[in-house]
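Engineer: Go ahead and model the full structure; you've got the sequences and the hints to work with.
The chain contents come next:
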Amino acid sequence: MPFELSPAEEMARKIAREYCEKYIIPRRKELMTNDQDMWDEEAHRQTRAGLHLHIVPREEGGTGIGYVASCITIEELCAAWPDLAFAIYGEFAYYFAKATGGDVYDKYMPGILKGDILATPAITEPSGGSDMLGLQAQAKKVDGGWVLNGRKVFQSEGHYCDFVMTLFKTGDPNDPKTPGSRSLTAFIVDKEFDGFRVGRLENTLGRKSDLTEFIFDNVFVPDNFVVGGEKGVGRGIAPVFSAVGDIGRLTICGMLNGISAGSYRTAMMYAKERHLYGRPISELQMIQARIAKMVVDLEATRALTYRAAWLRTKGIRADAEQATAKNFAEQAAIRIAEHCVKIHGGYGVLEDYMPHHYYRHVPMRFGAGGTEESLGIMIANAAFRNEANPDLSHNSMETAGWWGRLEW
Amino acid sequence: MKPLNIVVCVKPVPDSRYWDRLSLDPKTKLLRREGIPIIMNPLDKNAIEEALKIKEERGGKVTVISMGPDSTFDVLAWAYAMGVDDAVLLSDRAFAGADTLATAYVIATGIKKTGDVDMVILGNESLDGSTAQVGPQVAEFLGIPHLTNVEEIKFVHDDTVHARCKIEGGHMVVEAKFPVTLAVNSEINDPRIPPVHGALWATEKQSTKYTAKDMDVDEEKIGLAGSPSYVPEVSNIDTQRKGEVISGDPADIARQLVEKLKADGVLPEA
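Those protein sequences? They're chains A and B, same order as listed. According to our numbering, the first sequence is numbered sequentially starting from 64. According to our numbering, the second sequence is numbered sequentially starting from 146.
In short, the hints are calculated from the structure, not lab data. These figures come from a predicted structure and were not determined experimentally. Even glycine gets a Cβ: it sits at the ideal position worked out from N, Cα and C. Be aware that a few hints might be false.
If you only want the chain A side, here are some residues facing chain B, beta carbon under 8 Å, derived [unchecked claim]: (1) Met74; (2) Glu81; (3) Ala112; (4) Leu116.
Structural biologist: So this is what it looks like as structure tokens:
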């Protein structure tokens with residue numbers, strides 16, 4: 064395995080950083096006051112700059128550089144501001160269009176390449192998201208399509224999205240004809256479909272008006288918007304969880320690593336500028352110890368994330384690696400952000416300083432892409448299924464594919 | 146309008162974010178640049194942006210050219226990422242130690258080697274040297290007109306440009322026929338962020354490298370030998386703060402302060 068970024072990945076980082084230095088970093092003060100205008104402006108600017116195109120193959124109009132470049136791009140965006148990463152929703156849009164193919168691909172792909180179209184998965188319900196078979200939302204077959212009824216919650220930036228991929232019950236898990244997960248089907252729902260609307264916007268620890276509720280009130284979805292077409296009925300889990308893993312989990316790793324990288328850079332700069340006892344605090348060993356711990360965590364979390372992303376770029380499913388990377392990334396981010404706050408002393412908690420924002424955004428990502436517990440189960444399952452291969456090479460993880468494979 | 150063949154000159158400069166690490170070598174009179182990342186001179190990005198805009202409007206070709214060591218390839222990669230068609234590096238140990246005149250001679254010779262040129266665009270000055278001499282000198286070596294501090298250009302005829310140049314207290318509009326050299330300032334445009342596909346162009350397009358031999362230059366005119374100017378002395382400015390307490394009533398304090406500032410040359414004598 065190469066332990067270096069490719070020149071194209073390095074350049075992708077420089078381009079993302081240049082974007083941040085032009086559009087985000089000069090406007091952090093506005094973001095600190097939760098200026099909604101900035102979010103509205105940024106919603107499509109990142110995708111119009113093409114920051115979501117690294118996962119799109121070249122022959123389809125993307126850069127094709129891959130998932131590592133995607134993680135790096137998101138990392139730079141979130142180092143600039145901890146949750147301003149709309150490129151993610153451009154990536155989701157491509158992934159959903161590709162997974163569904165046919166009319167859905169044709170309808171959305173031109174807009175996706177231009178950066179006009181954003182999408183998000185809509186899985187979690189008020190009763191939870193990890194227990195798939197416990198989902199309540201129901202779809203009923205009618206002539207030419209399906210009618211969907213239900214509620215989905217906790218969709219980040221959902222109100223900016225043009226369409227969603229959602230998971231509905233199309234059968235009874237206890238019925239032998241639709242046993243277990245065969246009772247679930249994934250649908251593409253356009254925001255313009257009658258009966259679909261955005262409900263409440265929840266204020267969060269990170270910011271205001273972030274998490275969205277979607278309401279499906281007798282929404283008619285044509286057959287060609289079923290993910291996987293006719294064969295996709297009862298097979299909704301695979302595409303949804305591939306998307307949650309490949310895009311959701313990897314980009315969440317990118318976001319968390321961005322918080323880590325941003326905290327680290329901020330702390331380094333401050334430690335060199337802030338003087339105590341007649342010298343910069345970077346010369347104090349207790350501060351150096353914190354910096355060293357930040358470096359260790361940052362290097363480790365990047366290594367796990369980039370490896371999971373590298374496997375995915377190679378076309379190898381990496382569910383357990385993505386889970387491992389995400390569980391570590393959130394622990395690393397909370398530790399690094401805490402060091403950053405502490406190095407800043409009293410200034411660390413002020414709203415006008417970045418450490419405050421890095422720190423308070425970490426918990427926003429605890430549940431996203433899977434909780435530590437549900438991912439822990441995935442990791443343990445992969446480990447126990449592969450007792451014959453305790454070294455955890457990528458092959459071991461591939462055979463452990465928990466959610467099944469997305470056939471493209 | 147006919148397509149234009151445009152050459153943009155770019156310079157590698159030390160990244161200003163790391164200038165706190167720069168120091169002067171009292172023996173060689175040169176900057177110690179070790180460990181400081183190299184970036185493209187900021188105004189050269191404006192020059193590339195203007196060239197790309199002209200190409201988008203009229204068609205043609207944009208070539209960047211630079212003189213420097215091999216590490217300059219990174220700067221040329223950024224130009225490729227922005228969207229230029231070609232990049233040329235003029236690199237030879239014999240070019241080292243050049244002042245602005247010897248630099249301009251090498252660059253002008255390199256430009257001639259790329260073929261017929263309609264327009265040469267440069268940043269008005271560099272971030273590190275700030276002499277603003279290389280643009281006019283290149284133009285002189287090429288035998289073409291030069292306009293400096295250009296903040297806006299318009300094409301009035303197929304082969305004529307109107308350039309608005311900033312001068313002290315205002316601006317002047319100058320008309321020039323191609324070929325012409327334009328040294329642009331930061332007012333002229335807002336340089337683009339490279340598109341994401343630029344990450345591919347930057348890594349897949351190959352720059353051309355010319356050495357002194359390839360260019361058939363006059364050895365008397367390059368490097369240290371070709372440089373009529375030299376730096377006799379450099380020194381660090383050592384600033385030291387001093388504290389002084391002025392007491393009295395507020396009006397008296399103000400009066401005393403103004404007197405002291407005048408005495409130190411901070412404020413002009415009335």
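Engineer: Evaluate each hint against the coordinates.
Structural biologist: Going down the list of hints, with the structure as the test:
1. Met74: With a minimum Cβ separation of about 4 Å from chain B (threshold 8 Å), the hint on A/Met74 holds.
2. Glu81: Hint on A/Glu81: holds, closest Cβ of chain B at ~5 Å, below 8 Å.
3. Ala112: Holds - the Cβ of A/Ala112 comes within 8 Å of chain B, reaching about 7 Å at its closest.
4. Leu116: Holds, because the Cβ-Cβ distance from A/Leu116 to chain B comes to roughly 5 Å (cut-off 8 Å).
Hint compliance for this structure: every hint is met.
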